[in-house]
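Make the full structure from the sequences, and use the hints.
Protein chains in written order, with our numbering: chain H, 1 to 447; chain U, 448 to 703.
Hints may be right or wrong, so weigh each one.
Just the calculated beta-carbon pair ranges, DEER-fashion [unchecked claim]:
id, chain 1, residue 1, chain 2, residue 2, range
1, U, D665, H, K86, 24 to 30 Å
2, U, H618, H, K235, 55 to 61 Å
3, U, W627, H, G200, 55 to 61 Å
4, U, G479, H, D170, 40 to 46 Å
5, H, S54, U, K470, 56 to 62 Å
Quick caveat, the hints were computed from the structure, so don't treat them as lab data.
Being a predicted model, the structure only gives us computed values, none of them experimental.
The beta carbon of each residue, even a glycine, is placed where N, CA and C say it ideally should be.
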Amino acid sequence: MKQKVVEINDVWKRYYVNSGQRPRTIKSAVASRFRYWADRESYWALQGVSLEISEGKTVGLIGNNGAGKSTLLRLIGGLSKPTKGKISRKGRLGSLLELGAGFSQEATGRESVITGSIIAGLTRKEALARLEKVVEFAELQDFIDSPVRTYSSGMFVRLAFSTEINLDPDILLVDEVLAVGDLAFQKKCLNHILGMKEKGKTIIVVSHSMEQINAVCDEVVWLEHGKVRAQGQTKEIIERYRNRVFEKGSQLSPAAAKAAAIAILPETETSPKKSELVAVAGASAANSTSVARNETGFRPTAPTKEMRTGATNIEFDEIQLFDETGQPVKTLLSGDPLVLQINYTAQTAVNQPIFMVTLRNADGLKCYEVNSQEDGTLVGQLPPGAHHLNMYFGSLPLVRGSYFISLGVYAQNWNETYEYRYKACSFEVEGPTTGSGIVHLTHRWEG
Amino acid sequence: MLNLRTINYQWDLVSNLVVRDIKLHYRRSVLGILWAQINPLLSLLIFSFIFERVVPLGIPNYTAYIFTGLLGWNWFASTVNNANYSLTQSRDLVRKPQFQTEMIVIISVTTNMVNYLLAMPVLFGVLLINGLTPNWTLVYLPLVMGIEFIFILGLALLVSATNVFFRDVTHIVNVLVSVWFYLTPIFYQIKSDNKYVLLINLNPLTHIIQAYRSIYFDRQPPDLFMLAIVLVISLAVLGVGWTVFSRLKYSFVDEM
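Rendered as structure tokens:
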């Protein structure tokens, strides 16, 4: 029998709804005769959650926004206390929450890593011993003595992430950060976490990405409205969760279904690729833009649907969908072809930018993602000025429903995001009313 | 064994963050850390000019007199004023699970103490110019600084924690600190026949400043009985500050 490293016993957590509007000054508190203390509405973010997490297990917490995942993670981390119930934890804690804590724009990368490591729980000696490994992992050997303010946001995130991930804790709390940096770095982080898992560390992951949960977790806990709805084997629970999401969607009117589906979208997705970490690093469900902020002002980017980060060498002008005859389309039949036309402007000469296209259904589930680099499509040396790029889908055999396309354009080596639009354009697919899932597979029955 | 690592760790944490704060504070300025000496020197010049030339108070060796009080005061005032913002400015640390929030305040008190220490060469320079060569009574210095540390820490904990919930604290503290300045004999001398002498003597900071002055200026041992009383008061303030802080700290994250 393995040791229980985290024990959560009938935990309740109450938040006050109007805590955002509560008097910030004594005067207004007095003026309202402290009435708000009695009046304020509360809700239970967690309602009698009990869990035991054994040593060496990787546990995923899933559920819709507001289900209490981040609250639970925060309580496990000891950041706030349960209103009722008890949480106990054994072993050294590490977290991928609040990345870049203690980093300062004026400090060099080296100083930041040392400070960050000490803040996360290492002695100076231990921090120095790990320094080289961290820098190597972040791939920032050449810049480590430059001030952090000269870093691109991608470099910042890589350094912050490497600092945390190389701490070697017994328990690691992860909140939605496996989607950090470029693809190669993401893979590296995922491998590192899998490595920690092999070493017998306990990992608790909050994520909206079922792919990530599936890739790393042994067990999954599904939270709904602050209660544990189900827990068990990863595959089984994810399957049930997905079914539930689809089920919910089909019971509602199309518009409401769309809204409900958007509500379960990961907050992360509404921000650009490289700021994703920034937007999700914090444990707060209510506040998705909690990045390590310090006096020198590393600003998080507010998540909006349209956004650009870093260098603005390339900007999208117009993104449109056409059918094969060149007519603009909003609705197509399952199996129809589709043309994505990207009109963009290069502000400066850009060498071989990479375009990435992601197709998602209304639930935010990734249906297909591809980039021009892996396709071997070289856009070439672009002179400044207006350009266009067309992407032809021969056939989209999707099930009926709403879909949208996210579009990003990156520097040749992936370390700059020129622009990223989460919902660059959307379309509806009409088709056979039978079957569900993502792809409509042609089939027939024979008896 | 485990405790030894903890102590070692706490030390590393405080020293690293204090050094970081000081380094970053002076980085990218041409004069760098010299500002730690120039700043008190400038306020010294202003005070000496006003109270020696404009409204002469007739205190001998006035520059040295005021400097011996000013450094201890600056430590107190900058820390307590800074306590208003220390938690909200360190949101990243407050939200970091492995980090103990109290450390933010301890680091702030220590950083301002280091600023005091950095200005000490200038203080000794001024003392020597005035013919006040420091003597063996300097051994009392760590004691007085220790007591002041406790006193400031207690207040800073109280101010920083309550400020998270009521931003009025900022304004109240600003006013109180400026009143406090006049209630502490920094630029003036208290005479026993003054009718406000009781009020001034009720101020614990008065005795801390006077202890510094005994050591640097009069080169005599400080009033240990008075210091003992101030120590007890300081410990009580720390007790209150620590208790309030500990009770509120689990709500910081929810409030920020």
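Verification of the hints:
no., hint, verdict
1, U:D665 x H:K86: 24 to 30 Å, "violated, 58 Å"
2, U:H618 x H:K235: 55 to 61 Å, "holds, 58 Å"
3, U:W627 x H:G200: 55 to 61 Å, "holds, 56 Å"
4, U:G479 x H:D170: 40 to 46 Å, "holds, 42 Å"
5, H:S54 x U:K470: 56 to 62 Å, "violated, 44 Å"
Violated hints, listed in ascending order, are 1 and 5; each of the other numbered hints is respected by the structure.
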